[in-house]
Amino acid sequence: MTDISIRTENLGKQYRIGQYVANYRTLRDVLVESVTYPKRWLMRRRDDHPDVRSPDTIWALRHISFELKQGQVLGVIGRNGAGKSTLLKLLSRVTEPSEGMAEIHGRVGSLLEVGTGFHPELTGRENIYLNGAILGMKRIEIDRKFDEIVAFAEVEKFIDTPVKRYSSGMYLRLAFAVAAHLEPEILVVDEVLAVGDAEFQRKCLGKMSEVAHQGRTVLFVSHNMSAIARLTQDTIVLDGGQIICSAPTTEAIDTYMTSGITQVGERRWDEAGSNLDHALFQPVALRVLDHEGRMTNQAMSAEGFVVEFEYRLDTDITGLRVGIYLSTSRGEPVFTSFDTDAPEAFERHTIRKQGHHVSRCKFPPNLLNEGRFVLGVNASSFRIQSYFTDEHALSFTIDATGAPGTHWPETRRGPLRPALEWEISEAVV
Amino acid sequence: MGISNARTNQGAIPVTIIRPTRGWKGIDFRELWRYRELLYFLIWRDIKVRYKQSLLGATWAIIQPLLTMIIFTVFFGQWAGIPTDGVSQPIFYFAGILPWQFFQSGVSKAGTSLVASRNLITKIYFPRIAVPIAPIIAGLLDFGLAFLILVGMMFFYGVTPTSALWTLPLFLLLAIVTAVGIGIWLAGLNVSYRDIGYVIPFLLQVWFFLSPIVYSSTIVPEKLRPYYGLNPMAGVVQGFRWAILGVGKPDMADIAASIGVAVILLVSGIFYFKRMERTFADVV
Numbered sequence: 001m002t003d004i005s006i007r008t009e010n011l012g013k014q015y016r017i018g019q020y021v022a023n024y025r026t027l028r029d030v031l032v033e034s035v036t037y038p039k040r041w042l043m044r045r046r047d048d049h050p051d052v053r054s055p056d057t058i059w060a061l062r063h064i065s066f067e068l069k070q071g072q073v074l075g076v077i078g079r080n081g082a083g084k085s086t087l088l089k090l091l092s093r094v095t096e097p098s099e100g101m102a103e104i105h106g107r108v109g110s111l112l113e114v115g116t117g118f119h120p121e122l123t124g125r126e127n128i129y130l131n132g133a134i135l136g137m138k139r140i141e142i143d144r145k146f147d148e149i150v151a152f153a154e155v156e157k158f159i160d161t162p163v164k165r166y167s168s169g170m171y172l173r174l175a176f177a178v179a180a181h182l183e184p185e186i187l188v189v190d191e192v193l194a195v196g197d198a199e200f201q202r203k204c205l206g207k208m209s210e211v212a213h214q215g216r217t218v219l220f221v222s223h224n225m226s227a228i229a230r231l232t233q234d235t236i237v238l239d240g241g242q243i244i245c246s247a248p249t250t251e252a253i254d255t256y257m258t259s260g261i262t263q264v265g266e267r268r269w270d271e272a273g274s275n276l277d278h279a280l281f282q283p284v285a286l287r288v289l290d291h292e293g294r295m296t297n298q299a300m301s302a303e304g305f306v307v308e309f310e311y312r313l314d315t316d317i318t319g320l321r322v323g324i325y326l327s328t329s330r331g332e333p334v335f336t337s338f339d340t341d342a343p344e345a346f347e348r349h350t351i352r353k354q355g356h357h358v359s360r361c362k363f364p365p366n367l368l369n370e371g372r373f374v375l376g377v378n379a380s381s382f383r384i385q386s387y388f389t390d391e392h393a394l395s396f397t398i399d400a401t402g403a404p405g406t407h408w409p410e411t412r413r414g415p416l417r418p419a420l421e422w423e424i425s426e427a428v429v
Numbered sequence: 430m431g432i433s434n435a436r437t438n439q440g441a442i443p444v445t446i447i448r449p450t451r452g453w454k455g456i457d458f459r460e461l462w463r464y465r466e467l468l469y470f471l472i473w474r475d476i477k478v479r480y481k482q483s484l485l486g487a488t489w490a491i492i493q494p495l496l497t498m499i500i501f502t503v504f505f506g507q508w509a510g511i512p513t514d515g516v517s518q519p520i521f522y523f524a525g526i527l528p529w530q531f532f533q534s535g536v537s538k539a540g541t542s543l544v545a546s547r548n549l550i551t552k553i554y555f556p557r558i559a560v561p562i563a564p565i566i567a568g569l570l571d572f573g574l575a576f577l578i579l580v581g582m583m584f585f586y587g588v589t590p591t592s593a594l595w596t597l598p599l600f601l602l603l604a605i606v607t608a609v610g611i612g613i614w615l616a617g618l619n620v621s622y623r624d625i626g627y628v629i630p631f632l633l634q635v636w637f638f639l640s641p642i643v644y645s646s647t648i649v650p651e652k653l654r655p656y657y658g659l660n661p662m663a664g665v666v667q668g669f670r671w672a673i674l675g676v677g678k679p680d681m682a683d684i685a686a687s688i689g690v691a692v693i694l695l696v697s698g699i700f701y702f703k704r705m706e707r708t709f710a711d712v713v
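From first to last, the protein sequence lines stand for chains A and B.
At position 385 of the first sequence (counting the first as 1) the number is 385 in the numbering used here, and the numbers step up by one without a gap.
At position 270 of the second sequence (counting the first as 1) the number is 699 in the numbering used here, and the numbers step up by one without a gap.
Since the hints were derived computationally from the structure, they do not count as laboratory data.
From the three backbone atoms N, C-alpha and C, an ideal C-beta is built for every residue, glycine too.
Check the hints yourself; a few may be wrong.
Unchecked claim - Here are the simulated lysine-lysine pairs, DSBU-like style, with alpha carbons at most 35 Å apart:
| id | chain 1 | residue 1 | chain 2 | residue 2 |
| --- | --- | --- | --- | --- |
| 1 | B | K477 | A | K207 |
| 2 | B | K454 | A | K69 |
| 3 | B | K477 | A | K164 |
| 4 | A | K138 | B | K454 |
As the list claims (entries may be wrong) - Residues on chain B that point at chain A, a partial pick, calculated with CB under 8 Å:
| id | residue |
| --- | --- |
| 5 | I442 |
| 6 | V444 |
| 7 | R474 |
| 8 | R547 |
| 9 | L549 |
| 10 | K552 |
| 11 | I553 |
| 12 | F555 |
| 13 | F631 |
| 14 | D680 |
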């Protein structure tokens, strides 16, 4: 009697990209191909085969091996395109692996997208049954949980109205309510928290944490690091389709947040690699300089340091603001600051001319606590356009040596370590 | 993919092994049985949606065959003067229209069903074969309603049911098997070759004329009869007319050929579908 819930061995998924045989072709394409490339057409394989090493294929996932025990809650994190959704699809049997094997003990309930199968013409009641059946619940099960589902979704009054009349919030709540009341041995959740308002997210998290405490195995994919940190004990980090880290959650998050940032003290962007929506704004480099102006990836808390963002504008831009996001390496946001936060700066730099610019800010001494931090950058016009965003651009470390209070060798929690002015006096009674 | 049930006291904890599959697979009937409620819900959804919020609603199931019958009677019966085996024209046509409309609507919905359900297929696992089957079975309701009209017409035209009426469900079954077979083929093909969706109406139109709906099969030349019999719907329509009106007794050889073709369509369709199934979520 094993207590393994999921075990994968060298799981891999290959996709064909490009024109032929990937996304849909028409009969006309087939006929044309059979005439122009007869040999290729005759030799073609209809299904994906790992031996086909043509340049038109990519491995969305490769060499994935891990083991999950029953009751374990595993987080899966990684950049967009790292293969997280593909992994979930494989485990949910939505798509077939190209190589390797997965052994799954129990029913898998997948929340890959909320509201799958909802039909707008049907009422809430009808959709609960339909959606429940699609997700694999038996009718008696749905009957039993019906009231619970409706109560969770808070749509009692509207349960017999067609779903197309629901507000988006009601829709989401109902969809999630059905999926959340599945009772599979293994629950696989993909980014369902990406949609919905704060209230909805809170509810989702609450329910998932409940499910986790019931002893079910949960696989949770998200970009929301605080949710991952809250719900999971262990996490795997995917990058380019492979597992680059499998560790307790805090360690994994740290690895993820600081991965891919290899330059010391500086992050450069070259034109080819950047993911710009708008070529008018071209980031050049982000740097951390110590209090003597030298580039560094480690600064002293007690000394203060400088963050410098160099960029180029290909045209005059009005209303541009350039700023940084600071987060801890655990993904917790610390603050956001823009170069035109100060009213005078805002007045003065309404228009920035074409050419190279540098926005530089000074971090005062005794602001940050020791630890690793991650800087992100953003360049945008408020409510008009976002020119460039990179949330994990550069990481650096803060050393608290010499900061106030370090005559006691203890770690203090929290991202900040301000030197506050304390006054000690004897109270007059 | 293999599934084995490890039965414990607490109820079965099914163990699923996922690996790449190669070659041909048959249907996993146990799995289909486990998902039978889903098939029921898909059928129920199709029916509900068909009739909700439409002014004509259920009456459309009746109006369509009636109108078609009227058009046929005028154009083919009266003006073109095509013989109708000696029975009065409206009921001759209606008896043929009835199974044909079931077949046609089922096949055209089934053919595009997988592509239309792409958001289901790419997100959730369930036996995909339920998707094209559901609209065909859902069409039985429309068929039933139109059948009531047929009964009414029989009274009206003073047609007494023949002793062969018991064969009607069998011919209906033949129509269902054919529709499912062809529907599955088209559904699977449509995922890989998207222009199949455009081919379907044309295919059905040709098929319509290859079946003895607006004419009696007696006008088919003798030397072509054997090939004609290979069309299962020819067998169905002829059978319907014979069972209801007592005219045009179909040849046993024709019937056997029809059944044979229908079964081949179904079985080959299932194998093709199951083989392509593993790529549906990637390609749709």
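Each hint tested on the structure:
For a cut-off of 35 Å, the pair hint linking B/K477 to A/K207 stands: about 32 Å separates their Cα positions. Simply put, B/K454 and A/K69 have alpha-carbon atoms about 31 Å apart, close enough for the 35 Å limit, and the pair holds. Proposed proximity of B/K477 and A/K164 is supported: the alpha carbons are some 15 Å apart, at most 35 Å. Under the criterion of a C-alpha separation no larger than 35 Å, the hint pairing A/K138 with B/K454 is consistent with the structure, at around 27 Å.
Nearest Cβ of chain A to the Cβ of B/I442: about 5 Å, under the 8 Å cut. The hint holds. A cut of 8 Å between beta carbons decides the hint on B/V444: the least distance to chain A is about 5 Å, and the hint holds. Among the interface hints, the one on B/R474 holds; its C-beta lies about 6 Å from the nearest C-beta in chain A, closer than the 8 Å criterion. At about 11 Å, the closest approach between the beta carbon of B/R547 and any beta carbon in chain A exceeds 8 Å, and the interface hint on this residue is violated.
Using the Cβ-Cβ criterion of 8 Å, the hint placing B/L549 at the interface with chain A is satisfied: the shortest such distance is roughly 5 Å. Below 8 Å, beta-carbon pairs count as interface contacts, and B/K552 has one with chain A at about 5 Å; its hint therefore holds. Because the smallest distance between the Cβ of B/I553 and any Cβ of chain A comes to about 6 Å, under 8 Å, the interface hint for this residue holds. For B/F555, the interface hint holds, the least distance from its beta-carbon to any beta-carbon of chain A being 7 Å, beneath 8 Å.
Hint status for B/F631 relative to chain A: violated, with the closest Cβ pair at about 12 Å, above 8 Å. Taking 8 Å as the C-beta contact cut-off toward chain A, the hint placing B/D680 at the interface is violated, the least distance being around 35 Å.
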